[in-house]
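Student: Chain C: place on chain Z using the hints.
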Amino acid sequence: MNALEQLTRAPLAAIEFSNILLTQGDAEIGVSPKDVVWTHRATTLYRYRSNQRTHPVPVLLVFALINRPDIFDLRRGNSFVEFLLDEGFDVFLLDWGVSEEEGSDIGLDTYVLDYLHSGIRETLRTAEQEEVSLVGWCIGGALSAMYGALEPSGPVRNMVLLTTPLDTKGSLYASWVARDSFDVDQVADVMPVIPGASIDALNKMMKPVTNYWTTYRRLWEQVLEGSAKREAYQAMAKWVNDNPPFVGRAYREWITSMYKRNELVRNRMRLRGRRVDLTKIEQNLLVVTAGADHIAPREGTLPLLDLVSSEDVTHLDKVGGHIGLMAGSRARKETWPDIADWLRARSDR
Amino acid sequence: MNSRPSPTEEVKRLYEEAESRTAKAMEGLVARDSFGELLAKVTENVMSLTKIGNEAMDMAVRNLRVAGRQDIVRLGRQLARTEDKLELVLQEVEQLQDQLRASQDGDPSSDATGSKAPARKTARSSQ
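So the sequences go chain by chain: Z and C.
Position 324 (the first sequence) corresponds to 363 in the working numbering; numbering is contiguous.
Position 13 (the second sequence) corresponds to 67 in the working numbering; numbering is contiguous.
Check each hint, because a few of them may be wrong.
To be verified - Calculated cross-link-like contacts (lysine to aspartate or glutamate; reagent style DMTMM-like; alpha-carbon spacing at most 25 Å):
#, chain 1, residue 1, chain 2, residue 2
1, Z, Lys73, Z, Asp281
2, Z, Lys208, Z, Asp224
3, C, Lys139, Z, Glu139
4, Z, Lys243, C, Glu71
5, Z, Lys246, C, Glu109
6, C, Lys95, Z, Glu264
7, Z, Lys299, Z, Asp224
8, Z, Lys268, C, Glu73
9, C, Lys139, Z, Asp148
10, C, Lys105, Z, Asp222
11, Z, Lys246, C, Glu70
12, C, Lys66, Z, Asp144
13, Z, Lys319, Z, Glu338
14, Z, Lys208, C, Glu98
15, Z, Lys246, Z, Glu338
16, C, Lys105, Z, Glu140
17, Z, Lys299, Z, Asp351
18, C, Lys95, Z, Asp222
19, Z, Lys246, Z, Asp222
20, C, Lys105, Z, Asp228
21, Z, Lys246, C, Glu98
22, Z, Lys208, C, Asp87
23, Z, Lys243, C, Glu98
24, C, Lys139, Z, Asp144
25, Z, Lys299, C, Glu98
26, Z, Lys268, C, Glu63
27, Z, Lys372, Z, Asp356
28, C, Lys95, C, Glu73
29, Z, Lys246, Z, Asp219
30, Z, Lys243, C, Glu70
31, Z, Lys243, C, Glu73
32, C, Lys105, Z, Glu139
33, Z, Lys73, C, Asp125
34, Z, Lys299, Z, Glu270
By construction, these hints were calculated from the structure, which means they are not laboratory data.
Isolated chain Z (complex conformation) (with noise of 0.2 Å):
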């Protein structure tokens, strides 16, 4: 397109643009049919609907704290949890919900021990199992790995753990957080709950021109070349923006066990008391890198699988980023098979 061509374009292009950023917010995201299965608090555990359910190991489903779980789901074609469903799996989803300040006490200690293990009692319930593959993403993976290390004889017969921050140190978010000037104590007493829009300011900070520009010039490029994948900015733009508030124990507690003090994957995290440690994690285990993960490095995950006491331990490194790596567009065709076929082989009786 030449230079002409581009100025004629440009205003309907404007207007296209401005249209796609105004209305992200219409669109549909974490669409496929569930029922409620349990809730407490602003915690909620969900069944995905199903009439072809073959693997008895039903999986669940947790994600992060900071953004919304949606993005196991993001849209219609492009969903995680759609491709597991036609796969015959039982998928469950344990939504942490959003927190408001009366939840302001609620710690890793609630997430891990109380929240985490009602959701798989809840889920071996509902569907009737003795064992589940439990699937974290992200700070999930952490909470997940917290899990299956505190019971390693618990119901957790496979772990898979997606681009999860575990050794932080000589991370640039621990280049920040973890000295000594940065005083998460007081953060965490003047605000009961972090609002989502700082934590992911600062996580967009890692990668200012990325995130704050050329994503805007990359869509305005694709809109006035008439290549613009509108569905598909406009679920992961609306996800992205979508960010719940960190309550403020969890935070604390989160900032200063993982990044001042990088305790879980020295083993010297303790949760009421009982020490996490990772070496007690029998599980089957696979875990998933993604190599431009700037988020949760890579660096920062690999030392788990020399800590582990599991026999059967498997690790995929994926081209991708932090949430690229099962929510972009090649994850359908590269990352998500890998997954299903690592826990089909272990799903059965």
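Tutor: The following block gives chain C in isolation, referenced to the frame of chain Z:
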């Protein structure tokens, strides 16, 4: 024949190159120790101002003899704690129901999950 890029393509290429370099430079900038220090100080200042603002607002609302944010949060927390206790009671009831059902069926292997006793049993977490 060698096709030369058009002026538009050349401008685009130069722009993308500049953007890419800026992105790398900015990533280098935010990775610097001084940026981390700046971020920590700014956070501290913002938190201090927020604290002063919150306290002033709360005092003003309380002096008007209406429920302030803290009062509502306190009420919400009481409700949440009641829900916590109800959840524990519910789980106890479910366990007892399962045990009762198991004893009626004469099946000692049934467990608290409502299914047959698992090889790996769920341990109840303590409060």
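Student: Provide an ascending list of the numbers of those earlier hints which the structure does not satisfy.
Tutor: 5, 6, 12, 17, 28, 33, 34
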